[in-house]
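Asker: What follows is each chain in one-letter form.
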Amino acid sequence: MKRFYLFGFLLLMGFDTLAQVSFKVAGSQALPVAASLAWLLRVFGQPWVYGAVVGYVGAFFTWMALLKHAPIGPAFAASHLEVVSVMLLSVWLFDEHLTPARVLGAIAIVAGIVCLGLAEGREQAAEPAAA
Amino acid sequence: MPAAGAISPLVASLWLLNIVLDTGGQLAFKAAAGDPTAGDGLARWQHMASRPWLWLGIASYVIEFLVWIAFLSLIPLSEGVLLGSINIVAIMLAGRFLFGEKLTRLRVAGIALVTLGVAIVGLGA
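Chains A and B are the protein sequences, given in the same order.
Take this note's numbering: the last position of the first sequence gets the number 131, and nothing is skipped along the way.
Take this note's numbering: the last position of the second sequence gets the number 1125, and nothing is skipped along the way.
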């Protein structure tokens, strides 16, 4: 069962990561940004925007399946930890830099997400009948 | 790509708009799903479809999708996803103020840490 959770969490992170990377490429190819039909056509005229849709839909169904079985705390944390995978991938894919501000900020954000995950877990343990 | 440096007014507006749409969308879905007069099964869906909340939630998410693409196209992706983490804080605070959901000490710590992290990234941009 542990392996099932781990696989589920990784799959969730994978879909979320795919969505964010696709958003970035789709947006970059549709520059310049404008509140216009031309911009919308540029966005939907290339394949990456559909990668974002696949990522979103995949993440949604993985999330629903996970919630049925996995404890909410770790599931909540896993659903937000894609910030780390996306950050590392952007260095590799888009030649971005891990500036001190980004690394420090990411550490604080991840610590915060872990706290919130622990809080959710405790709450669920406190009211087992509510589910 | 715009030059690195301080966050532009357009990027800041898109960021704020994303928070409003994400939180608003979630609250609208909560209002749609939590209506006690809705009944069950198919009748529940018909009831939800006949009232504005469900549609307001869907519309928010569709617009948010576009706002997020525009936002990410203007700043580095690593920075964008970190700044977007503020949505977690916004939805928890909205839950506290609108539904009286409890903020335990652990939650307050989590909210403070995420906010601090977003501030560090934003100011360091």
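Careful, some of the hints might be misleading.
[Said to hold, decoys possible] Quick list of in silico lysine-lysine cross-link-like pairs, DSS-like style, CA-CA up to 25 Å:
1) K1030(B) / K1102(B)
2) K68(A) / K1030(B)
3) K1102(B) / K2(A)
4) K68(A) / K2(A)
[As the list claims (entries may be wrong)] Selected chain B positions facing chain A (in silico; Cβ < 8 Å):
5) L1027
6) F1029
7) A1031
8) V1067
9) L1077
10) E1079
11) V1081
12) L1082
13) I1091
14) L1106
15) R1107
16) G1110
17) V1118
18) V1121
The hints are simulated quantities; they were obtained by calculation from the structure and are not laboratory data.
Note that this is a predicted model, so its numbers are computed, not measured.
Even glycine gets a Cβ: it sits at the ideal position worked out from N, Cα and C.
Asker: Please go over all the hints and tell whether each is borne out by the structure.
Answerer: The hints, checked one at a time:
{"no.": "1", "hint": "K1030(B) / K1102(B)", "verdict": "holds, 17 Å"}
{"no.": "2", "hint": "K68(A) / K1030(B)", "verdict": "holds, 19 Å"}
{"no.": "3", "hint": "K1102(B) / K2(A)", "verdict": "violated, 31 Å"}
{"no.": "4", "hint": "K68(A) / K2(A)", "verdict": "holds, 14 Å"}
{"no.": "5", "hint": "L1027", "verdict": "violated, 18 Å"}
{"no.": "6", "hint": "F1029", "verdict": "violated, 13 Å"}
{"no.": "7", "hint": "A1031", "verdict": "violated, 20 Å"}
{"no.": "8", "hint": "V1067", "verdict": "violated, 10 Å"}
{"no.": "9", "hint": "L1077", "verdict": "holds, 4 Å"}
{"no.": "10", "hint": "E1079", "verdict": "holds, 6 Å"}
{"no.": "11", "hint": "V1081", "verdict": "holds, 5 Å"}
{"no.": "12", "hint": "L1082", "verdict": "holds, 5 Å"}
{"no.": "13", "hint": "I1091", "verdict": "violated, 11 Å"}
{"no.": "14", "hint": "L1106", "verdict": "holds, 4 Å"}
{"no.": "15", "hint": "R1107", "verdict": "holds, 4 Å"}
{"no.": "16", "hint": "G1110", "verdict": "holds, 3 Å"}
{"no.": "17", "hint": "V1118", "verdict": "holds, 7 Å"}
{"no.": "18", "hint": "V1121", "verdict": "holds, 4 Å"}
When held up to the earlier numbered hints, the structure conflicts with 3, 5, 6, 7, 8, 13 and fits the remainder.
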